[in-house]
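Based on the provided sequences and hints, a complete structural model is requested.
What follows is each chain in one-letter form.
There are 2 protein chains.
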Amino acid sequence: MKNIFQMPYEIAYYDTDMTGKMTLEAMIRVAILVSEKQSTALFRDARYLKPLNLGWVITQYDLEVTRYPKTFEKLVFYTQATSWNKFFCYRDFWLQDEAGTRIATIHSTFVLMDLTSRKIKTVTEEIIAPFGGVKENKIYRGEKLPPLMNASGQDYRVRYFDLDGNQHVNNAKYFNWLLDPLEKDFLKGHEVKKAYVRFDKEVMYGESIISQHEFLEENVTLHQIKTAGNLCAEAKIWWQEI
Amino acid sequence: MKNIFQMPYEIAYYDTDMTGKMTLEAMIRVAILVSEKQSTALFRDARYLKPLNLGWVITQYDLEVTRYPKTFEKLVFYTQATSWNKFFCYRDFWLQDEAGTRIATIHSTFVLMDLTSRKIKTVTEEIIAPFGGVKENKIYRGEKLPPLMNASGQDYRVRYFDLDGNQHVNNAKYFNWLLDPLEKDFLKGHEVKKAYVRFDKEVMYGESIISQHEFLEENVTLHQIKTAGNLCAEAKIWWQEI
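Each protein sequence line maps, in turn, to chains U and H. At position 96 of the first sequence the residue is numbered 96 (the numbering used here), and the sequence of numbers has no breaks. At position 230 of the second sequence the residue is numbered 230 (the numbering used here), and the sequence of numbers has no breaks.
A portion of the hints provided could be inaccurate.
Unchecked claim - Straight line, CA to CA, 20 Å or less: simulated SDA-like cross-link-like pairs of lysine to any residue:
id	chain 1	residue 1	chain 2	residue 2
1	U	74	H	34
2	H	188	U	165
3	H	50	U	19
4	U	21	H	51
5	H	74	U	34
6	U	194	U	165
It should be emphasised that the hints constitute simulated quantities derived from the structure, not laboratory data. Bear in mind that the values here come from a model prediction, so they are computed numbers and not experimental data.
Here it is, written out as structure tokens:
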């Protein structure tokens, strides 16, 4: 496999929760950092995209974690742009521990957004070719999630520091909104084993969201994040008791 | 000066706000990471303190930032344990940019907390001597801040991921609570030049806080963070228009 990019990373105390295990939010933001490092190495980072008034936006994660690393652990984060078509770019991430064991895999979908019109733009060879993915017309559609029937909800107001360089709430922040409503007693005793997250609509400063969830079956939850009337993200999460 | 510990650090996109400048929260958490790295090098990190049922807690920051570093910048973070007495340990941090210019200085006060009783414990030679600070009886008391007369307030509910290994809200999270209520229009146009923050009482899971602030004069704000009836933190912040 070509164009695999890697970065060693030592888990910092601030990447972990109160039990000392890496949070999903931290895993996602370090993964995205690795893809940014690859972009920098290929002269395709924000300094290339900003003058084109473009930014990368993530529309989907499909992830599986077999073991959560702990503070002080030294990992290697890997990433590879796998394929792309007119609108979607697919990128994988995986984490390897010191024993050489893969402990997490993240499949992701990126799109290019015009920073003024907020519309998705077509991907060009010039932008994407250096990453070495395969150009193919295959579109990966995620699982269609059922509607929530009996959800409980928790409100979150967008904070200034939730925003990123694309002037909207950074995708990693959604993991806090998705998981926090399950509350400490549950979160201390359960780990996310698998998650499918789809981002439908960006969330902006001044908005409040409601994060709703319900149990589809034991240890499987369905989630929706909504602003007034709009579905912004949905997720299905498979939990494991610890 | 002896026992100065340093760590190179490259500013990641997630350390910055929507304008690409490092946030105070990120600056503080990376600074504390450097002190943890020094603790590890001296065999005095959490793996040494946890069996003693102790944790370091920060009670005070007195900081000055002359320039906020931006995404991609490579800095060196320095730290030095300067002095200590029966209850208080004083530690400085400073950040140097690639040109060798010091761009920020943080004076901090640490105490040792018993993780069960939540009481402050006396500092022992065995715990602190390896850091090489001077033992002296001098206690640095911060500025006494006036009461708020006409403050506006914003509520924040403690989230599960606000908690750290000491099972309470991590001190860096307070910077989000302190600054967010000033809102985007102000925050985009102003930088924290100097800040004095005192932590009076820990904030636990299940609590909500109110973050109050008022302008003492143009570009100087006073802040209080309170749970029901209790003052948990107060701050004075000097701003600079940008």
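> Any hints this thing doesn't respect? Which numbers, in order?
Replying inline: Hint check: 6 fails alone, others pass.
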